[in-house]
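For reference, the chains in residue letters:
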Amino acid sequence: MSLDKNGIAKRIAQELQDGYYVNLGIGIPTLVANYVPDGMDVVLQSENGLLGIGPFPEKGKADADLINAGKQTVTTIAGSSFFDSSLSFAMIRGGHIDLTVLGAFEVTDKGDISSWKIPGKMVKGMGGAMDLVAAAKNIIVATTHTDRNGNPKLKAACSLPLTGVNCVKKIVSDLAVIEITEKGFKLLERAPGVSVEEIVEKTGAPLVIDGEIPEMQI
Amino acid sequence: MNKVVKDASEAIKGMESGQTLMLGGFGLCGIPENTIKALVASELKDLTCISNNAGVDNFGLGALLRKHQIKKMVSSYVGENKEFERQMLSGELEVDLVPQGTLAERIRAGGAGIPAFYVPAGYGTEVGEGKESREFNGKMHLLEHALTADFAVIKAWKGDAMGNLIFRETANNFNQPMAMAGKITIAEVEELVPAGELDPNQIHTPGVFVQRIFQGVDYEKRIEFETVRE
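Same order as they appear, the protein sequences are chains B and U. Residue numbers for the first sequence follow my numbering, so the first one is 343 and each next one is one higher. Residue numbers for the second sequence follow my numbering, so the first one is -4 and each next one is one higher.
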């Protein structure tokens, strides 16, 4: 069974470590916040100027001055801080953020990613994605393994405009956990009940497969 | 030193068509609502607007776009605005999309007297086309140039007559760096107080960066996506 988006988020949450500062992109990455293991101290950064994102506000308590990078109303946690956009990206560019999780249209076996523009269809701008992928110490892509038409999103070259090059370290999809190594995509884990053959078939570039591939534990 | 002006229409005196403006805010959070309304009411046109976003269809910079007062936008993200998309695709509007952190730093650098600097963002992408690149510590970087503006238009929570400013929560965003980068910086505030009433320890923007300040009125503070706990 392929994972649903919450399953992908749960598996990514296993990559978190105590003390991490993390930036979560819009979509599936945001869901990772729901699966931070109990007792683990993880602080979420929002690039519009908030360190320590709290849950959504209670009904009637939304504050127009307190939003996340997706422009949704949020709250603070004990120990939150606010700052301006240049300091926020100094945090990101300066390597102070331990992990970035974001979505993608395509990822290559060299760690290139396209995620912001579909020429002629969607030109909304890159927001902070290019800064994040160029600078974060560790970048995990959360994505479905194939697009709506069944075409591989993991491939040898991106066909869409790039967000960054040589930057993605790991991919967690609905079918597999894949690391990007010097030899290309390396299959680490498969979703429960999904065969290695299915993953190979649905990946658009060769996979390094070393021995028995375990199932994800989620 | 008293920098107080009466209202937004007095604050924009001397602004001319064809000039470059910076406008603070992230989405609709922390935008200078009063000054944008005064701009919409003015006959100014052919403006170049540097702003992270372009408002929504009928509010914020979206209102200026509808009146075709903007010639060029320099932004990082312009979703949530159909009229923007239409003008961009038809070629009526020139658009320069800049990675958000690079945009913030270009503005800060403009205010800080740093003409250019290197960043990794955008290397190997279309953002890097035609730009000088250089390797530092084994990683490729792009040369990016500072941005300044004829007028920076920002919004703060509290301000005093000398132009000292305090921002609130995530409504700070681009307002603080933009305050530094305007030849003339206009600050509108929710609460204007006499000099001496703000705690100097709490000031985000020292008054030296601000030339005109006024008490804003009738803030709508619209929320783009109101999300609440289930």
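These aren't lab readings, by the way, just hints derived from the structure by calculation. It should be emphasised that the depicted structure is a prediction, and the values quoted were computed from it without experimental measurement. Incorrect hints may appear among the rest.
Stated by the list, open to error - With the C-beta cut set under 8 angstroms, the calculated list includes, among others, these residues of chain B facing chain U:
no., residue
1, 391
2, 423
3, 437
4, 438
5, 507
6, 511
Ideal placement from N, C-alpha and C gives every residue a C-beta, glycine not left out.
Non-conforming hints, listed in increasing numerical order:
Violated: hints 2, 3, 4, 6.
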